[in-house]
Amino acid sequence: MIPIQYSLRNLIRRRANTLATAFGIALVVFVSSAAGMLAAGIRHTLMASGEQDSAIVLRKGSDGELSSVLEEELAAQVLSAPGIASSPNGRPLGTDELLVVAGMKRIADGNIATVSIRGITDTSFALRSGLSFIEGRAPRPNTSEIVIGKQMRGRFQGLEVGQSFELTRNRPVQVVGVFACNGSSYESEVWADANLTRNAFGRAGLSSSIRVRLKSANAFDEFRTALVKDRRFAMEVYRERTFFEKQSEGTATFIVAIGTLISIFFSIAAMLGAMITMNASIARRRREMGTLRALGFSRTSILFAIILESCLLAVAGGIVGAAVSTALGFVKVSMMNYASFSEMVFEFRPSAQTILSAVFTALLMGLFGGLLPALRAARIPAASALRD
Amino acid sequence: MSLSKLAVRGLLRNRFRNIATMIAVSVAVLTFVLLRTVITSWTTAADYAPKDRLVTHHKVTFVMPLPLRYVELVRQSDGIRLATYASYFGGQDPKHDRETFVSWAVAENYLEIFDEFSVSAQQKQEFLADKTGAMVGDVLANKLGWKVGERITLESGIFPSAPDSPWTFTVRAIYTASSSSVDRSTFLLHWSYLNDALPQARQNQVGWIATRTTDPKRSGQIAAALDQKFASDEVQTQTQDEKSFQASVLAASSTVLRAIATISLIILLIMSLVLGNTIGMSVAERLREFGVLRALGFESRYLVTLIIAESSLMALVGGLLGLALSYPLIERGIGVAIEQNMGTLLPHFKISPQIAAMALIGVIVIGGLVAILPAYQATSLRVSEALRKVS
Amino acid sequence: MSTAVAAASVKKEQPSVQAACAIRLHGIEKSYPRGGERVQILDGINLDIAEGSFEALMGPSGSGKSTLLNILAGFDRPSAGEVTVAGTRLERLSDSALTKWRAGTIGFIFQTFNLMPVLTALENVELPLTLINLPRAERRRRAETALRVVGLEDRMHHFPRQLSGGQEQRVAIARAIVNDPSLILADEPTGDLDRQSAAVVLELLEKLNREFKKTIVMVTHDPVAGERASVIRRLEKGVLQ
Chain L
0 MIPIQYSLRN
10 LIRRRANTLA
20 TAFGIALVVF
30 VSSAAGMLAA
40 GIRHTLMASG
50 EQDSAIVLRK
60 GSDGELSSVL
70 EEELAAQVLS
80 APGIASSPNG
90 RPLGTDELLV
100 VAGMKRIADG
110 NIATVSIRGI
120 TDTSFALRSG
130 LSFIEGRAPR
140 PNTSEIVIGK
150 QMRGRFQGLE
160 VGQSFELTRN
170 RPVQVVGVFA
180 CNGSSYESEV
190 WADANLTRNA
200 FGRAGLSSSI
210 RVRLKSANAF
220 DEFRTALVKD
230 RRFAMEVYRE
240 RTFFEKQSEG
250 TATFIVAIGT
260 LISIFFSIAA
270 MLGAMITMNA
280 SIARRRREMG
290 TLRALGFSRT
300 SILFAIILES
310 CLLAVAGGIV
320 GAAVSTALGF
330 VKVSMMNYAS
340 FSEMVFEFRP
350 SAQTILSAVF
360 TALLMGLFGG
370 LLPALRAARI
380 PAASALRD
Chain C
0 MSLSKLAVRG
10 LLRNRFRNIA
20 TMIAVSVAVL
30 TFVLLRTVIT
40 SWTTAADYAP
50 KDRLVTHHKV
60 TFVMPLPLRY
70 VELVRQSDGI
80 RLATYASYFG
90 GQDPKHDRET
100 FVSWAVAENY
110 LEIFDEFSVS
120 AQQKQEFLAD
130 KTGAMVGDVL
140 ANKLGWKVGE
150 RITLESGIFP
160 SAPDSPWTFT
170 VRAIYTASSS
180 SVDRSTFLLH
190 WSYLNDALPQ
200 ARQNQVGWIA
210 TRTTDPKRSG
220 QIAAALDQKF
230 ASDEVQTQTQ
240 DEKSFQASVL
250 AASSTVLRAI
260 ATISLIILLI
270 MSLVLGNTIG
280 MSVAERLREF
290 GVLRALGFES
300 RYLVTLIIAE
310 SSLMALVGGL
320 LGLALSYPLI
330 ERGIGVAIEQ
340 NMGTLLPHFK
350 ISPQIAAMAL
360 IGVIVIGGLV
370 AILPAYQATS
380 LRVSEALRKV
390 S
Chain S
0 MSTAVAAASV
10 KKEQPSVQAA
20 CAIRLHGIEK
30 SYPRGGERVQ
40 ILDGINLDIA
50 EGSFEALMGP
60 SGSGKSTLLN
70 ILAGFDRPSA
80 GEVTVAGTRL
90 ERLSDSALTK
100 WRAGTIGFIF
110 QTFNLMPVLT
120 ALENVELPLT
130 LINLPRAERR
140 RRAETALRVV
150 GLEDRMHHFP
160 RQLSGGQEQR
170 VAIARAIVND
180 PSLILADEPT
190 GDLDRQSAAV
200 VLELLEKLNR
210 EFKKTIVMVT
220 HDPVAGERAS
230 VIRRLEKGVL
240 Q
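So the sequence lines, in the order shown, correspond to chains L, C and S. Heads up: the first sequence runs through residues 0 to 387, numbered per numbering that gives the first Met the number 0. Heads up: the second sequence runs through residues 0 to 390, numbered per numbering that gives the first Met the number 0. Heads up: the third sequence runs through residues 0 to 240, numbered per numbering that gives the first Met the number 0.
Treat the hints with caution; some may be incorrect.
Said to hold, decoys possible - Here are the simulated lysine to any residue pairs, SDA-like style, with alpha carbons at most 25 Å apart:
(1) Lys-388(C) x Ser-383(L)
(2) Lys-4(C) x Leu-368(C)
(3) Lys-58(C) x Gly-201(L)
(4) Lys-388(C) x Gln-161(S)
Said to hold, decoys possible - Each pair of labels, with its calculated beta carbon distance range:
(5) Leu-374(L) x Gly-190(S): 30 to 36 Å
(6) Val-238(S) x Leu-5(C): 35 to 41 Å
(7) Ser-164(C) x Phe-359(L): 35 to 41 Å
(8) Ser-164(C) x Glu-248(L): 32 to 38 Å
(9) Pro-215(C) x Ser-163(L): 36 to 42 Å
(10) Pro-140(L) x Arg-150(C): 44 to 50 Å
(11) Phe-132(L) x Thr-169(C): 52 to 58 Å
(12) Arg-76(S) x Ala-326(L): 56 to 62 Å
(13) Gly-148(C) x Ser-163(L): 53 to 59 Å
(14) Arg-13(L) x Gly-26(S): 46 to 52 Å
(15) Gly-129(L) x Asp-129(C): 51 to 57 Å
The hints are simulated quantities; they were obtained by calculation from the structure and are not laboratory data. Where is the CB? At the ideal position from N, CA and C, for every residue including glycine.
Make a model of the complete structure from these sequences and hints.
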């Protein structure tokens, strides 16, 4: 086999061409890696919203909390089902909540964006095991005190501890705390007292969902069976984790699909670039290639040497593209979450898997881009050492 | 030998490389046009909305309802010719629970103001006469296999029905649209049917009110006057012309649109790299040739123009190829699939002439730009140096 | 002034004195199609070259001497005839077998040196050794020895662009002998060199023949180079004179 320095140094020799081609590949890898990281971020955020051993109850047929409408009385029925853990004061650990969206003015560009507002009770805090206050405190029940998730801080008018704003006309509320919750979607929400929310938004007597903490993950079946036994029960019961996983799938899959489609087109262009560069490289080396054959190197060894060159080029570009894409880890994207029709903040989540598959894509580009030139090179006869 | 002839001959030389480059350019243009069409299609609903139609909704969010009595108050306002109303029904067919579509519970005179639906007079009559009737877009009807006269049931996440009396409708009319910017997957039902079945607490509410003004030029003022009227009433309103309303719904998706726009620029960047690389190599191989031409008396300026022309020509051919590919792909292939499945979001998935022009001009300009540096490098050599270069 | 002109060889089968005969060509013909016609390059060549001989193949341009060299090296196949080099019948070998054979048997020296620009002198000389399975240390040792023979061991880490034409050619010679081939073929080895460097290179070739007993066949149009050989053959219009 032809020594590896031959392939490596030939790349360095034609610096400008190598850099241009590698840069193109780096761009492609950057884009596809970014899409993968965003999808991972979406999945993480939405999945972190679901607890391991909790269940959520929604209206049958609704695809999210926003479109689910439950009568307030149903909460009592659900909370009396078996399998629910008890809170310290002996009552079942569960509550109903109301989710609405409201338009608020974004500070960044002055546009109105929709914000999720969750009407909660103090049990709501106990139900989220990863929740902690990073500033301020929990709101007092039945008051106009509210708290916000950490991603909302400073994004909209009035969302800082100590500030107040009008939730709806003549309904002022005061921000008393900021909470973090495992990077989940709750961090993009505003939490206010449930009854306050119901009255402010004309939803008296209604809820969106009922959440309970089960005695254990295994208690789910017992819990669900007891509820759906009643034929008039127009609700559906899900494990929280499963439910949020489903929600995230939609948006995440969409992003991955778009990212893949775009990457394919981009890859074709970058691959053609690699092919052109490699082809030119061997065209100038006809005599060299002929000499190698004259010295006794087989066609296959020349084929491999050229493909290796092409792959080294591509992988170098791929590593750069992947490395730069990890810098996106510092960027936050505020996007419309179509499941809840409100604005949510997502992060890019770098992972070993995205980086490896990105570099692998680059490798494939190098392989296919270099194939044709390599085949051409292999066909150069030994006699070219003399003639050309 | 004219400049253009020389440019063409120049391109014919290294056929493999130049053809590969043109293919790369065409792929880039194809992707660019596809992405830009997504953006224009997304924002097109806003462009096509008639200017004299106003939409009045709850000030805080369009998800919250207005009292029914507001409609009459609006109708009697200054500058209003016609007023109608509708509520979002949020219906879903339990037999096809994967299919999502938009459903509106509409007032009796809805079709007078929203006149872009094409439907036969007879079907329209029957729809208006039947309280449980439904008017369905043809794309939706085809997808779900509904025919005129068929009885169907829907579930609503927003208006839950008692388990023993689900929402039942008879399909009375199927509409198409003359303009392709209209969504043909909408389901229209009667607001009165919905309202009569609701508990008292939820009756007599409408999602939004749409009006036709007497004078489109005064739309802004008429809208402001309406909001003023309700400023101290039970519920505050926000009135905008339909285009602004759509635009504000869009603003919520601005991040996605901006991302798509950025990506479309990245593909142009990749294309520039490939083009620049090729033209750079091509010039580097011909340094001696250019030296000879200059020794013969051709001015540097002439050679620079020649090189730029060659590059732009190569880009142009690639661009035309890319456009030629994108029309059938987008308008027939992907476009039809998108209009059918994402019709509410992207109703008019067609390549606008501006995009085609933008793509072509952009490609030519880029072709010229990437050639400038190699061209000047080639002609800045002293003739004696150039003649010494190996071919 | 050396020496004789060899007569066209006798068309009789030589018995197993194959060992003494490094090269045997019998009835070699070579033609190419060009523009619808066939152009005859070599026309009935018969040639025996003894082992340990230093032969020069001379003739005007277009006489077919490079083509003949190509056939001897196995770069090209004759249209007709038999080629036996170092006891092997070349026409019987497949393309890949020919390549393998060549690696172990032939050392080739080119007019244009043909060193790999991206490898150092030492790495260039090591190149043929990577074809056989040698441990790295052994490979390095042999390459250094070869460079010592040509007198360039102090430049072994230089790249070709840092060497003069004559030095490049000497590195190329080191590359040609590193595998200890039975036969050295040289195509215009001094064609791209000035008088002085040419003399050094020819000295070297003579040394290889005299001291190391290498069989050398050299194609050249330079009479000064031709004089260094022990046998001169003339080729004219595809026929040996």
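Results of checking the hints against the structure:
{"no.": "1", "hint": "Lys-388(C) x Ser-383(L)", "result": "22 Å, holds"}
{"no.": "2", "hint": "Lys-4(C) x Leu-368(C)", "result": "21 Å, holds"}
{"no.": "3", "hint": "Lys-58(C) x Gly-201(L)", "result": "13 Å, holds"}
{"no.": "4", "hint": "Lys-388(C) x Gln-161(S)", "result": "19 Å, holds"}
{"no.": "5", "hint": "Leu-374(L) x Gly-190(S): 30 to 36 Å", "result": "33 Å, holds"}
{"no.": "6", "hint": "Val-238(S) x Leu-5(C): 35 to 41 Å", "result": "48 Å, violated"}
{"no.": "7", "hint": "Ser-164(C) x Phe-359(L): 35 to 41 Å", "result": "57 Å, violated"}
{"no.": "8", "hint": "Ser-164(C) x Glu-248(L): 32 to 38 Å", "result": "34 Å, holds"}
{"no.": "9", "hint": "Pro-215(C) x Ser-163(L): 36 to 42 Å", "result": "41 Å, holds"}
{"no.": "10", "hint": "Pro-140(L) x Arg-150(C): 44 to 50 Å", "result": "49 Å, holds"}
{"no.": "11", "hint": "Phe-132(L) x Thr-169(C): 52 to 58 Å", "result": "55 Å, holds"}
{"no.": "12", "hint": "Arg-76(S) x Ala-326(L): 56 to 62 Å", "result": "59 Å, holds"}
{"no.": "13", "hint": "Gly-148(C) x Ser-163(L): 53 to 59 Å", "result": "57 Å, holds"}
{"no.": "14", "hint": "Arg-13(L) x Gly-26(S): 46 to 52 Å", "result": "47 Å, holds"}
{"no.": "15", "hint": "Gly-129(L) x Asp-129(C): 51 to 57 Å", "result": "53 Å, holds"}
Violated hints, listed in ascending order, are 6 and 7; each of the other numbered hints is respected by the structure.
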